[in-house]
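Visitor: If you want the building blocks of each chain, they are given just below.
Number of protein chains: 2
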Amino acid sequence: MSDVLASLRHLLPSERVLTEPSDLEHYGRDWTRQYPPAPLAVALPESVEEVQALVRWAVEQNVALVPSGGRTGLSGGAVAMHGEVVVSMQRMHRILDFDPIDRTLTVEAGVITETLQQAAREKGLYYPVDFGSRGSSQIGGNIATNAGGIKVIRYGLTRDWLAGVKVVTGTGEVLECNRGLVKNATGYDLRHLFAGSEGTLGLIVEATMRLTDPPRAPQVMVMAVPDMDSLMQAFAMFRARLPLTAFEFFTDKALAHVLAHGGKRPFDSEAPYYVLVEYETPDEATSEAALAAFEHGAEQGWLIDGVMAQSETQAAELWHLREGITESLASRTPYKNDVSVRVSRVPAFLADMQALFAREYPDFEVVWYGHIGDGNLHISVLRPEAMAMQDFVTECGRVTGMLCEVLQRHGGSISAEHGVGLLKKPYLDTIRTPAEIELMRQMKRVFDPHGILNPGKLFDS
Amino acid sequence: MSDVLASLRHLLPSERVLTEPSDLEHYGRDWTRQYPPAPLAVALPESVEEVQALVRWAVEQNVALVPSGGRTGLSGGAVAMHGEVVVSMQRMHRILDFDPIDRTLTVEAGVITETLQQAAREKGLYYPVDFGSRGSSQIGGNIATNAGGIKVIRYGLTRDWLAGVKVVTGTGEVLECNRGLVKNATGYDLRHLFAGSEGTLGLIVEATMRLTDPPRAPQVMVMAVPDMDSLMQAFAMFRARLPLTAFEFFTDKALAHVLAHGGKRPFDSEAPYYVLVEYETPDEATSEAALAAFEHGAEQGWLIDGVMAQSETQAAELWHLREGITESLASRTPYKNDVSVRVSRVPAFLADMQALFAREYPDFEVVWYGHIGDGNLHISVLRPEAMAMQDFVTECGRVTGMLCEVLQRHGGSISAEHGVGLLKKPYLDTIRTPAEIELMRQMKRVFDPHGILNPGKLFDS
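Chain order of the listed sequences is F and P. Residues in the first sequence are numbered from 1 upward in steps of one, following full-length UniProt numbering. Residues in the second sequence are numbered from 1 upward in steps of one, following full-length UniProt numbering.
Hints may be right or wrong, so weigh each one.
Note: identical chains are not told apart, hence a pair may lie in one copy or across any two.
[As the list claims (entries may be wrong)] For lysine to aspartate or glutamate, the following DMTMM-like pairs were computed, each having C-alpha atoms within a straight-line distance of at most 25 Å:
1. 264 <-> 227
2. 336 <-> 363
3. 264 <-> 363
4. 123 <-> 327
5. 425 <-> 46
Just so you know, these hints were derived from the structure itself, not from any lab.
All chains, full assembly: derive it from the sequences and hints.
Guide: Laid out in structure tokens, this is it:
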């Protein structure tokens, strides 16, 4: 056993320092699969003080730390492949406080997203940030990546629900940022700096999250759409007429994969695009408005067919058509892009994107879907079975470079909500200028002067 | 004329470099009145390039710049008292772009808040950040202070509507932060760092602001409340039953000043506290819910009397009871505190605050009011006419130090929405730790290595 490991074992009880190969593999990677995990060890702290001790130890030993939540990330932000110590927050999973007047839950960083949602529901309230990985992702990771998901159109991103965050910096200092206040104009808002910092500025150990009223009688529709222009028209119409909580879309190819994995066809009609619309129906008038909107859309030719959930079971089945896409593709280990443009630029960007893929991916199946109301598209490129993984990734990387050029033309971003991590690092300079990247590097040095916090993620320091 | 001034006059046409004593006084101060203005000159740039040139000139000449919006600030953040050059954005007041699909307005920093609100209305949309100084304050200053105001309970703060911001750093670099995207997970979100940075990290030159749907049939009520507990009960009830857009309160003393300045008494009953409630009434059911809530509150003894606006004119009269407070006190040049606690801590904090003021301000009139739904109280201490201004400010500063101790006990903040500037600088360390302040100092050095941007504001560097 190395001296480094020996000293680590002095910090934590032995059952909370893992070094078995299977643990190193499990904790050393996230949902990206192209980075071979190779951490030195996995540490499982149970308190803020233990996290501080780990940081101070890492500085002393010059060992890098990789903060680790549910590892559901898709950009390699939680990957440890160079002898780092993974700091898993899974033992820090207590709900610390509920305040019914402030309507906040204060939790440790390792609380699972779904646990937080459930805790809110038990109090008659609602934590609205939601996405497919809700059963594994942790709130600390959500903050570190500023997670978005399927309700952004109505409820915004994780940062919008962050009332306070406790962080351990790269010198072992504990910062309590904002402490749950609604208004606090006392200098730079470090809370917002940590949101989306991907573990490079500090280790998130606790958070106070805002809650809201549950949506009133959410209703779900799925509709078939003949073309992209119709989709944008339908979006504008529904947004103007209904209190939307989600507006998601997917292609016929995406639907085919979900149907092949047990999904239920929503109706007989077929179309190149489908939309899932969720909205609140607090009263009769809203239900009527939804029907009238559908009829208007059908008359205009924007909507070919549609179905409205008649039960919670059917609502879940309809949602599965959208949320089941990732799972239906998982066995193919797709190469993923996650891009965004301003909503107004979606049609023009999509036309250019489709032309690019037709030209550059003639033999690959490309499945796309996403959050059209946020201007956010997810693209999954499927590897032909005969092709070697490394060749496939290289080829996709090449086309991603060209996709970045298309995005630049349309003022878009190469990472809408998946973060930069390792996967998007080569493309960061297509959305951030050299001056911005240099400022970010210097900011990292302020918070992490010894360079021990998730080094090599986001940018090379 | 000094060499420095001569070189400044090479940068801009002479009519845009002001040095008349009346101009230096006018542009050298904000709505605080205790700092004698003494800038070297006032520069009125008309373009981003001119702002860059000013910054580069300031670095070369080692002259400090004070960015200047509508100078409606209440903490001295825009005061120039040490030979700085004031950079007024008033000539940069163009509306650059409107996007109906993204629902954004892109504007230069010098656009007046009310102009932005009006431009949104003309497009059938709504810019919801609103406060008494809407007719003078500028959007750049709103961002630099993360302005809040009277609709925070429903719509949040300025940062929540900021889709993108263009900034000139202390080295003359232009940063375009976020570019109007809804989702953009590509590293540290500098946009949120500039919100609330009080001109110490960069000069805000342009911004893209999000708009939303106008509120549906806003209705206003003013009610009399017998005590603080009743007020909190009433707040919880109204929040649960109505789509609140504002929940403001004020004391009998505040009302008396407004009435003495032409305000209209809302009803005959008198009470120690009054609340103004604004909510949307999209349908009959909401109107009924509002009446039922009032009746329930009256039965419980939480509400003594009340009035509901029967016309837009009356709504404006009711709003004037709250918004007219500042103006009604202006001639007394009050010493202001602007504090916040978590909403749940309001009653306990208020009890301690009142005890403190009764003990320490036995001879001063203290008027308070504020945004109870945000946990934010404004406190105006009035100077006895016989007391010299300097003695008064010293005495208020002493008690503010004690108020900070009360705030610390309740986890509160000494600046809820007015910022730190010069006035709150001595108290910054009661809400931010030495470690945080040191990190802020280092961050300032990253963005402003030559220390030319609003030096001495927020903290001493």
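Visitor: At most 25 Å between CA atoms: does that hold for residue 336 and residue 363 within a copy, between copies, both, or neither?
Guide: For residue 336 and residue 363, the Cα distance is within 25 Å only inside one copy (17 Å; across copies 69 Å).
Visitor: Regarding residue 425 and residue 46, is the shortest C-alpha distance of 25 Å or less found within a copy, between copies, in both, or in neither?
Guide: Intra 32 Å, inter 37 Å, cutoff 25 Å: neither.
Visitor: With identical chains treated as interchangeable, where does the CA-CA distance between residue 264 and residue 227 reach 25 Å or less: within a copy, between copies, both, or neither?
Guide: within (23 Å within a copy, 58 Å between copies)
Visitor: Within, between, both or neither: how does the pair residue 264, residue 363 come out at a Cα-Cα threshold of 25 Å?
Guide: neither (28 Å within a copy, 76 Å between copies)
Visitor: Give the relationship of residue 123 and residue 327 under a CA distance limit of 25 Å: within one copy only, between copies only, both, or neither.
Guide: Classified as neither; 31 Å inside a copy, 43 Å across copies.
When the structure is compared with the earlier hints, violations turn up for hints 3, 4 and 5 and for no others.
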